[in-house]
Amino acid sequence: MRLELGYIQINDVKFGNKTEVVDHTLYVNKEELIAHLSDDDRLAKVEVELAKPGESIRIMPVKDVIEPRVKVEGPGGMFPGFVSNEEQVGSGRTHVLKGAAVVTAGEVVGFQEGIIDMTGPGADYTPFAHTNNVVILADPVEGLAKHQHEAALRIMGLKAATYLGEVGRNVEPDEVVDYEVAPLFENAAKYPDLPKVVYVYMLQSQGLLHDTYYYGIDVKEMVPTIMYPTEAMDGAIVSGNCVSACDKNTSFHHQNSPVIYDLLEKHGKEICFLGCIVTNENVTLADKNRSSNMVAKLVEFLGPDGAIISEEGFGNPDADLIMNCNKIESLGVKTVLLTDEYAGRDGASQSLADSSPKADAVVTAGNANEVIELPPMDRLIGNSAPADKIAGGFDGSLRADGSIEVEIQAITGATNELGFNKMTARGY
Amino acid sequence: MVKEIERAGIPVVHMCTVVPISITVGANRIVPTVAIPHPLGNPKLSLEDEKKLRRKLVEKALEALQTEVSGQHVFE
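The listed protein sequences correspond, in order, to chains A and B. Each residue of the first sequence is one higher than the one before, starting from 1 at the first, in the numbering used here. Each residue of the second sequence is one higher than the one before, starting from 1001 at the first, in the numbering used here.
Think of the hints as simulated: they come from the structure by calculation, not from any bench. One or more of the hints may lead you astray.
Derived DSS-like pairs (lysine-lysine); straight-line CA-CA distance at most 30 Å [stated by the list, open to error]:
hint: 1; chain 1: A; residue 1: Lys146; chain 2: B; residue 2: Lys1044
hint: 2; chain 1: B; residue 1: Lys1003; chain 2: A; residue 2: Lys358
hint: 3; chain 1: A; residue 1: Lys269; chain 2: A; residue 2: Lys190
Coverage of chain A stretches by chain B, computed from C-beta distances (three or more under 8 Å per stretch; other residues unrestricted) [as the list claims (entries may be wrong)]:
hint: 4; stretch: 276-288
hint: 5; stretch: 309-319
The C-beta atom is built at its ideal place from N, Cα and C for all residues, glycine as well.
Make a model of the complete structure from these sequences and hints.
This is the structure:
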């Protein structure tokens, strides 16, 4: 499967009379976008704000971040199973508004976490301080059930990203990059001397605000399956989770997973990248056993030399991570695990809830319990009152001057386990 | 907590959903439970059936507490 990605660099975002890209600036017709998103009887009111890198703006609570993209050639459209039909995606050509992002924020469902500071020390911890953000806030109609509220906000974000992405359809990209992984036998025959690698892509799937979707399917309802890497670039995986926002993959992360892009970069040069195994992190031991068994079976079936396994979240998903590791290593296939740590504020506590002697190659994206002081910002988009109650917050987190003392756990993407950030920890 | 209480000479049963974690942390008497969001209940059952399930789990734990073990043991 081969996909061309056309990158259209976006350096600025402004409101305008017409939604379009002119000279690397994304103009947004606010009224038209609001009208487009208001076509959902679960939402009472939709607002749109802009937030650019370097501005003194705090966005919270953040639910999801999505990159505007559009399918220019080939089957299907963005976010299959949601805003497009269930066509197989990942081939043809897709245009990307690189440097722009949709952020869904404001009052979300249940847990009110996820902070993005566009400047100051917090900006170093979130990649979305460095994107030109179109922030969407929405109020649900009165009495809307929580799971419906979550679904409405999730789909609203995908619709906004699709609406904005559409203006890139006829823009000449600044750069076009080809990504290709051939069918298994053809792929392996092309690179017989290179080590074969598969990627085990673990997705959070633990209930309301802890769910992820693949072609519209709630992944807790599926058994592990095989995915071409380019499918993720077309939005095949969608986030429905934001609790402990530091290590939850937003939809933007799924579209831009560094694991996938880096493996494709090395594909045919240093390694032979066979593809991805998409799996879940469910709440019963039976499900954990079943899924890790099937992951190991698919790994055996594909016959790689090594597997990279990324976790999403922490706590009991550490058990899924270790079960995947143990079972894959038992096949004689080497593994590298990607995770983060909850090692206490001083970093001295046990980092993961589970471990194994077989897990001898582990990359960490940092310690989520590290405390940071976020100074007050000139403008707040959303609501900062929940700061005392969010995961990583505590009584007194939010101070009278608007500053927030909080664990980096609360910052969107701070310890992203796909390695999207620059942070790590090393043992000597 | 399981290990510290046992260190004080009081036997402990660890009732938990993710048995592998319980084994890693070193619990000796382990009773597997239902699911992470609801270890000792099951909202899919009727109230009557759920009560039966809860009683069964507690009785199993009490039985485990009185059972001699020579190492880590999972009471399935």
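Hints and how they fare:
Restraint check for lysine 146 of chain A and lysine 1044 of chain B: the C-alpha separation of about 18 Å stays at or below 30 Å, so the hint holds. For the proposed pair lysine 1003 of chain B and lysine 358 of chain A, the alpha carbon gap of about 24 Å is at most 30 Å, so the pair holds. For the hint pairing lysine 269 of chain A with lysine 190 of chain A, the CA-to-CA distance comes to about 11 Å; that is within 30 Å, so the pair holds. Residues of the stretch 276-288 of chain A lying with their CB closer than 8 Å to a CB of chain B number 4, which satisfies the three-residue condition for coverage.
Here the stretch 309-319 of chain A counts 3 residues with a CB under 8 Å from a CB of chain B, which clears the bar of 3, and the coverage holds.
Hint check: no violations occur; every hint is consistent with the structure.
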